[in-house]
Each structure stands twice: as C-alpha cells, then as structure tokens.
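Undergrad: What follows is the residue order along each chain.
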Amino acid sequence: MLAIYKKELRQYFTSPVGYVFVAAFLAISGFLFSMFTVQYAVAGDDYDLGTYYTVMMFVCSIIVPLLTMKTFSEERKLRTEQLLLTAPVGIGSMVAAKFMASYTVFAGTFLISCSNLFILYKYGEPAGGVLLGYTIGILLIGAAFVAIGTFVSSLTESQLTAAIGTIGILMLMLLVNFLNDYIDWTWVRLLTNWFSVYSRFINFTYGIFDYAAILYYASIVVIFLFLTVRIYEKRRWE
Amino acid sequence: MVQIENLVKRYGEIYAVNDISFTVNDGEIVGFLGPNGAGKSTTMNILTGYLSSTSGTVRIDGFDILDDATEAKKLIGYLPEQPPLYLDMTVAEYLNFVYELKKCSLNREKHITEVCDVTKISDVYKRIIGNLSKGYRQRVGIAQALIGNPKVIILDEPTIGLDPKQIIEIRNLIRMLGRDHTVILSTHILSEVQAVCDRIIIINKGRIVADERTEEIARVVEGKRRYVVKICGPQKEVLNALRTLDGITYVEMTADRELDSTGYLIESEQGADIRKPLFYMLSENKWPLIGIDAMGINLEEIFLSLVEKQDSLKGKRKRTQATASAAKEG
Chain A
17 MLAIYKKELR
27 QYFTSPVGYV
37 FVAAFLAISG
47 FLFSMFTVQY
57 AVAGDDYDLG
67 TYYTVMMFVC
77 SIIVPLLTMK
87 TFSEERKLRT
97 EQLLLTAPVG
107 IGSMVAAKFM
117 ASYTVFAGTF
127 LISCSNLFIL
137 YKYGEPAGGV
147 LLGYTIGILL
157 IGAAFVAIGT
167 FVSSLTESQL
177 TAAIGTIGIL
187 MLMLLVNFLN
197 DYIDWTWVRL
207 LTNWFSVYSR
217 FINFTYGIFD
227 YAAILYYASI
237 VVIFLFLTVR
247 IYEKRRWE
Chain B
2 MVQIENLVKR
12 YGEIYAVNDI
22 SFTVNDGEIV
32 GFLGPNGAGK
42 STTMNILTGY
52 LSSTSGTVRI
62 DGFDILDDAT
72 EAKKLIGYLP
82 EQPPLYLDMT
92 VAEYLNFVYE
102 LKKCSLNREK
112 HITEVCDVTK
122 ISDVYKRIIG
132 NLSKGYRQRV
142 GIAQALIGNP
152 KVIILDEPTI
162 GLDPKQIIEI
172 RNLIRMLGRD
182 HTVILSTHIL
192 SEVQAVCDRI
202 IIINKGRIVA
212 DERTEEIARV
222 VEGKRRYVVK
232 ICGPQKEVLN
242 ALRTLDGITY
252 VEMTADRELD
262 STGYLIESEQ
272 GADIRKPLFY
282 MLSENKWPLI
292 GIDAMGINLE
302 EIFLSLVEKQ
312 DSLKGKRKRT
322 QATASAAKEG
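If you're matching them up, the sequences are chains A and B in order. Per the working numbering, the first sequence runs over residues 17 to 254. Per the working numbering, the second sequence runs over residues 2 to 331.
I should point out that these hints are in silico values taken from the structure, not numbers from a laboratory. Note that this is a predicted model, so its numbers are computed, not measured. Don't take each hint at face value.
[What the hints assert, rightly or not] If we take Cβ atoms under 7 Å as the criterion, some of the chain A residues that face chain B in the derived model are:
no. : residue
1   : LYS23
2   : GLN98
3   : LEU99
4   : LEU101
Don't be surprised by glycine CBs; every beta carbon is placed ideally from N, CA and C.
Next up, chain A with everything else stripped away, as it sits in the complex (with noise of 0.2 Å):
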C-alpha cells in the first residue's frame, strides 16, 4: 500500500499534472484571498473570508478533478493496473494508496495557501476558532471530491471523460440545493439538502463546527471508495 502511495505522489511530480494544480491552486486562491479581504479593506468594508471560502469550494470543483482524473483510467489505459492488480496487495488497499496520495496532493497545497491567512493576523484579529472551522471544512470537501473524482476514474480509460465527468457530478452536488427554490415538495427539499454539499459547508462559514457534516462527507468518502472497490471486483467477475 505504501508503494503505491508513494509511486502515485511521486507520478504527481514527475509530470505536469502536479505542477500545474499547485500553481493553479495557489494562484486562484491568492487572487481570491486578496479580492475578498484586501481589496475590501481597501475599498472601506469589512473582510468577507466566508464568500472566500465558499468561492473556494467551487473552484475546487473544478480543479480537484484534475488531480484524480488519471488515478485510475491511466493505468487501464495502460494496462499497467495488471501488475497492481496482480501484486500481493488487495484492491481496497490499492484504492486507499492513490486515495491518499491524491488526498496529499490537494491537502498540502490547501494547507500552503493558508499561509494567506498570516497576513490577517499581522493586520487585525481574526477568531482563530472561526478559521479552524474553515480550514477543516475545505479539507473534508476536498476529500469527498478526491473520493468523488477517484470513483470516476475508475469508470472510464478515458482522462478527459473522468475529468469532465467528476466536474458534472461536484457541481450537480454543490448546486442542487438551490433548486430548491422552485420545488414544493417539502421532502424533495429535505432531501436535496441532505444530499448537497454546500448546504453542509454554510454552517462552517458561520463558524459552526457540526459533526453531523463530518460525518456527511466521511460517508462520501467511504462510500465512493467502496464503490471504486466494487467496480474492480465486478470487472474481474466479469
């Protein structure tokens, strides 16, 4: 497990994908971080860290699947899942390994643009508290979406389908629940809600820390792991 954990970080690195993700990643929140604290400052109001947070999450709706839409459609591609498929290692933990690895990828890049958040210090004080929450809810969004794209890839040899793919699918979770402005049905709503993943991320943005969301995008990781899990198996029954 750790092989592959450690051969898919070092794949990120060895091509552009991870170089270009990092870059995308801090240069899109820098901008962001400076739009909605700076320049706000600067025009007269108050720093607004909630919209950059949820501005934040759609971005990641797009760019996470760049990180995981070659997890596994490359290596189907490539015949090279042969070898993992027949290495002494089980399938789950083959999933788990590039989970992981793509999961590092996109934590430790969240993690370096927080370093933004230094400036907020020098210049005023912010609730530490609040900020925590913020950090620990991208990074439970961030691995529902790795989870997500994961899956994706898993379903097709095709990078650009799985990218495109995932893409359709975080933005159909994220956007749902606005929907639910035009629906009567007090059940669909409830159920659009549950199933929505920005409806979880509101309450860390108003400095919430709710367990209920933890375990809402655990299940999403878990579930979509175990779905990858299944589509191996079912594909060698075949």
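Given the coordinates of chain A, assemble chain B onto it according to the supplied hints.
TA: Using the frame of chain A, we list chain B on its own:
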C-alpha cells in the same frame, strides 16, 4: 506447483476458456500454445488472479488464487501480453517500485542488480522507460516479473515484437530461468515452444487439444516422414523409379539443381522406413545418392492436424446427432 481444475471463463454466451484442467510440476517449462483468440491470455489472467474464473479452481503451491490471493500472488511473477510499464518512470524507479509493491525481503540493491544483469538492461537502468525501444521495454517487463524471485513465472507472449537476435536471447533467458523456476509461457509461434519448453499444452477455442512432452508430441499425430534427397541421374527415369518404390506415397522434383544432380522431395507411408530400399534401388541403377535430409514434422502441421481433428470430431458428432434425430423423426 500450479494446479488448475475445470477452469471455465464465460463472457455472456461465449466460452473463452471451457473446462481446462492441468498441473504444472516444479521446475517445468510449459508452453501454452494456440492460435490468436484460443483463450491463452484469458487463462493466464485467471492464473495470476487478474480475472476471476466463472467456475473451477487455481492453486499455486497449494494456495487458492481467490481465497488465499495474497499468498498465491507472492509466488507469481507475471508478464502480461502488454508489459505493464509506467512510461514516465526510469527503469530504476520502476523496478524499485515493483520491489516495494511485491513486499520483497531480499537485499534490494543486490537483487535488482542481479535481475538487471540477467535481463541485460543494466545499460538503460537510468533511462526513462518511455524512451526505450520495444525490445528493451519487453525485457524491463520480464525483469519486473523476476523481481522477488517468485517460484512461478508466467509469461504471455514474451518474444512478441522482438527482432531475431533478441528472441534468441529471451529464449536463452527462459531456459535459464527454467532451472530453478516453474515457467509457463504462451505463444502462437510453434518453433518457440519446441526450442524452449519441456511440455506443450495446445489449446483451441478454449479447450485443451493436446498436453504432451515436447519430444513426444510428434508421435501423437499420425505424421508421414519426409525427406529431401539429392540424386545424380536422368530426371525422368529417377522420378519414375522413385514413384514405383514401395513405401513412397509422394514424389516431387524440387528447384534444387546442380550440374548433374537434382533434388526430390519424397514422402513415405506411415511407419515405413524407406531409406534402405531407396539406397539399394539407386545403387542398382548406378545413380549416386549425394544427399539426404530428413524433414522433421513441424509443429505447424501437428497443430493444424490436431485442431482439424477437434473440429471434425465436433462436426461428426453434430452430424450423427442430426442423423439420429432425423431417424427418430422418420
């Protein structure tokens, strides 16, 4: 070492592998032979645990490939039809990754160096796999299978796409591996199994049509002996005399002509040794025999006759069934 019992793999209505059973003993080199699409790769993929069989069992040194997958897989080194190479890695990175993946406990540096020496890839050790030629890639693929010194080595078409010199090198390598490993290799090149294997298993349409030791396989088939003889003498008369000789069923002049000699291809009846009568007949006529070449029955012929036999058996069975049902109806 490898036990396969009643292996069946079905894709919908199609049987890719249909009730195959065989056992491979310790230290044996077994050639798995069959035309494209016969079920060779499918069988190998099941043996190595990449695919699951529809029914039947595979045991590697007693470990079931499904129930004790991890233990069984530890004993196998596998080169699939397309070598599973990461093109963006160097050979060094790749082999080190495989070493870790297989959880080897051998001395890492020493072991990898040995494998590279055996497969002759030491000179490209630091290069990126994507930039290597087909021959080198194939050998890196074989090196990958050897990492961890597994007891069973399974090679799917190991010489495909290589040039003649590389093919000879790989065959020598396989023969050497056979000394202390059990090797199963598949191929559709018949001379390859003849050159390398102790035993040949021929499969066609998912079924085993022959399972024999290499030197015995020729005997399984009713083959005719063939010779190319060179005789000095008047062509027409020689030809007629050969045709009337007992035991000879077929004579043909070949294009091989020197000043006064002509080559003839002759085929004898089954079981008849025509060499002595041929010699006496020629010496009676004072036609010197200046060359005789026995043409071994080649595997192509064996193969075709086996496969045809299987098909005609099936045909017959169908026909008898048809006549039987027709008789019933009548």
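Undergrad: State for each hint whether it applies.
TA: Cross-check of the supplied hints:
1. Checking LYS23(A) against chain B by beta carbon gives a least distance of about 5 Å; that is within 7 Å, so the hint holds.
2. Interface restraint check: GLN98(A) against chain B, minimum CB-CB distance 5 Å, threshold 7 Å, status holds.
3. Given hint, LEU99(A) at the interface with chain B, holds; its Cβ is 4 Å from that chain's nearest Cβ, closer than 7 Å.
4. Annotation: LEU101(A) was flagged as interfacial toward chain B, and the flag holds, the nearest CB pair being 5 Å apart, inside 7 Å.
Every hint from the earlier list agrees with this structure, and none is contradicted.
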